[in-house]
Structures are given as structure tokens and as C-alpha cells.
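Residue numbers (this note's numbering), protein chains in the order written: chain B, 1 to 167; chain U, 1001 to 1266.
Keep in mind that the hints were calculated from the coordinates and are not lab data. Don't be surprised by glycine CBs; every beta carbon is placed ideally from N, CA and C. Please note: incorrect hints may appear among the correct ones.
To be clear about the criterion: a stretch of chain B counts as covered by chain U if any three or more of its residues have a C-beta under 8 Å from a C-beta of chain U, and this derived list gives those stretches [said to hold, decoys possible]:
no., region
1, 104–118
2, 131–142
For the chain U half of the interface with chain B, some residues (derived, Cβ under 10 Å), not all of them [to be verified]:
no., residue
3, W1014
4, P1015
5, R1047
6, P1052
7, T1159
8, K1161
9, L1173
10, I1175
11, R1203
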Amino acid sequence: MIDIRKLKELVRLMVSNDLTELDLRDNEEQVTLRRSSVNAMPQVTTMPVAAQAAPAPAAASSNNNNAASPAPAETKAADGDAAPSDTGLHRIESPMVGTFYTAPNPDAEPFVKVGQQVDSETVVCVIEAMKIFNEIKAECSGTIEKVLVKNAESVEFGQPLFLVKPD
Amino acid sequence: MKESVIRNPEINGWPDVLERAVEEVGSPFRHVRVFAETDSTQDVARRERAEPGTLIVAGRQTRGRGRLGSAWADTASDGVAMTLILPREPGERLAFAAAVGVARAAESCLGRRITIKWPNDILVDRRKLAGILIEQTDTRALLGIGFNVAQTAWPDDLTDKAVSLTQLGVPILRIEVMCELIRALGDSLALDTEALMQDYAERDGLTGRTIRVQHEGRTYEGRVATVNPRDGLLLETERDGTVHLPAMTSRTDLGSGVVRNSAPVD
């Protein structure tokens, strides 16, 4: 059973950082804390790690990112953004879980900007996963309409990254 | 999943192993960036504008370049493609230090002495095992290395020109070759000119031979008087007397049957 003091500490952390969800796990135990709104008290679920039959929704992402990062509670948001204006536009989707970079390094120009013409071979971004950099190509030709993810954000498999207006 | 980003499991452990190797060797190495696949590590280095000391490694390089516009065959999962970013330096020393480093790494893998064909080819039995491409930007030198490791077959035009460690009877992982290269380059880049001359001379495949060299649109034929990091290549010709040929802009041709030298792909 998890130490109650630790749990209190975690709750305090969540409230002070305004987090809505926290998923922690180690070899023995897993703790999922969820708050429905800023004012509500967190809901607590703990389970031994062996019994992972009912994983928390955030499990997929926190598994691959370092478990310590509690931040991306709303990674699915980009999906919703993309939907309304999606008609007739091609989506460039992330082929992997990782960290999205718009430019080769913080001082460099981004690979592509809104309004820029791309073809199938154009490198549009880099996704870092497990310290390996993966250049992502447009794999279509057209004009970049929208960049859906901010630099250095984590992305999910299949998450739309760019909208492209086909030629 | 898109074909271009299917992960080759071989490279999963590379970042950690390479970071450790770089840390052990130290100067001039500082950082490592592993790319699953890219056109050319030289182009990544240009785009990245990464600081000197950064080593860029590709799991696969699809459109590598050789010197003076020649191409380097797709490394697929069989070859090493890497670029080390260094501060720009004048003169010929870097070309020689790089050649000696790559040669020494090849020798540790093979267990025997090999030949350097000035300025940029590492040959075993007249076939190319590795090649070096140095490109300069305003402030940096991009030292690119292609090394044939696990290839067992070549396109027709390369069969007589290229060779891999596997074909020479040395089964070895690409990551092991990269670690050898990091160690050997750490040593060779630190050598002073005197030591470098001696090291180079022991592996020099050209001095005393009659060769043809293409330089800035002209072809020179003559006997190689010397090749060293102070002078570059000095060629004694009948037509033009002694000609000085800088490493960066010359192409050697060994004559007698060898039409051009830039295997793997020309």
C-alpha cells in the first residue's frame, strides 16, 4: 500500500501545479490521480503493477515518455482542432510517439512554415524518440496550411502534425 | 506505418553506446545525434548548424555524396555514415588526420595494414573500404565518413571497386566500427604535423607511383614526389614541371585500367 504522506504530497503537487491527471508507476505500484476540475479534490486509483488490466487512459504516453513528466494531459486536443477545417486538406500524421521539433535546433529556421510549398521529399519536422531523431517527410505535395503542434511538444502515434492543401 | 520511418531495431542502442564512446574519447567530440534515416549526414550537419564537436550518425543514408560531385551508394543497413563537425582550419592537415584516423580504425577491425589513396580513400587490395569527404562552411569543417561494413554484394559498376569488412572476412557490427572510428579519430586529430606525416607515410599508397590527377579541369600525369600534410601532393610532370595539388580540389586516377577512382558510386 502506498505511503499516505507521499500521496498527500502528490495531491498538493497536483493542486499547486493545476494538473488534472497524474499517473505514476514503478516496479511495484501504480498510482493514478485525477481531478475533474480545478476546485475538486483528486480521485485516487492505486493498483499493483502486475494487474494492469485496467490501465489509465494516459498510460500509453507516459510509458514512452519518461514517467516523470505529468504534463501532456491534453495531447488529444490537436485532433479536435484539426477536425473542423480538415475538409480537402491532407494531414501529415506522426508515425511514432516522441518529441516534435519544428527546427533542427533552437537557433535554426524551422523546416517549414505556413504557406510554404512542400513535396513528398520535403523534411517537415524531426521527431525524437529514445534519443533517435527521425526526419519526417511530407509524403505529399501542396502548401502548408497549419502547424498543429508546438515545438518540443510530445506527440502520439497517428497524431496530426500539419495540414497541407494539396496542389 | 510510413515505410521511411520504420525503425531498424539495430540502431536502438546506438545513442547510449555512442555517447559513452564520445565521452571516453573527449576532444574534439562533444555530442552525438543519431538519425534513423537521412539523405546525407553532411546535409544534416549543414542544416543543423550544430556546434563543433557534434557527431551526426545515420542508421541509413540514402543519398550520400562523395567528393567533387560523385555519389556514395545507399548505406542501407550495411554501412556507416557519419559526419563530425569541427572548427574550420586552413591547410591540408585535416584531410591527412582524417585519413590516418579512418585508416587506423580500419586496421583495428581488420588486423592488418591498409593503404590510403590520397586524399580520401581507404583501400584494401585496390578496392575501397571507406571514403572521406571534407566540406567547409564559413566557420566549420564537416568531416564526412562512409565505411563499408556488412555489404555482401554491390551494384555491377562497383563490384571491382568496393569492398566491405564482411567481404574481407570480418563480421562486425556497425556500432563497433563507429566506436573504432571515434577512438581512432580522437587520436589522429590530436597528432602534430610531424607525427601525422610519419603515420601517413607508412600507409601512403601513392608516393613513387605514376598517376593521373584531375584538378580544376586539367589532367596532370606524372610521378608522385611526395604526399604530406604540409605540401599536399607534389607531382613531377614532364609537361608542367613539379605541380602542387591540394587535397580539397583534386581527383586522383591510378591509371592503367582504372578509369576514375571514386568508387563506390561514381
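Hint check:
Taking a C-beta to C-beta cut-off of 8 Å, the region 104–118 of chain B contributes 4 residues in contact with chain U, enough for the three needed, and the coverage statement holds. Chain U is given as covering the region 131–142 of chain B, and this holds because 8 residues of the stretch bring a CB closer than 8 Å to a CB of that chain, at least three being needed. With 10 Å as the threshold, the beta carbon of W1014/U comes within range of chain B, its nearest partner Cβ sitting at about 7 Å, so the hint holds. Against a cut-off of 10 Å between C-beta atoms, the interface hint on P1015/U holds, since the closest Cβ of chain B lies about 4 Å away.
The restraint placing R1047/U at the interface with chain B holds, with a minimum CB-CB distance near 5 Å, inside the 10 Å limit. Using the Cβ-Cβ criterion of 10 Å, the hint placing P1052/U at the interface with chain B is not satisfied: the shortest such distance is roughly 14 Å. The criterion of a C-beta within 10 Å of any C-beta in chain B is not met by T1159/U, whose closest approach is roughly 29 Å, and the hint is violated. Interface restraint check: K1161/U against chain B, minimum CB-CB distance 28 Å, threshold 10 Å, status violated.
The beta carbon of L1173/U comes no nearer than 17 Å to any beta carbon in chain B, farther than 10 Å, and the hint placing it at the interface is violated. Because the beta carbon of I1175/U sits about 13 Å from the nearest beta carbon in chain B, more than 10 Å, this interface hint is broken. Annotation: R1203/U was flagged as interfacial toward chain B, and the flag is violated, the nearest CB pair being 35 Å apart, outside 10 Å.
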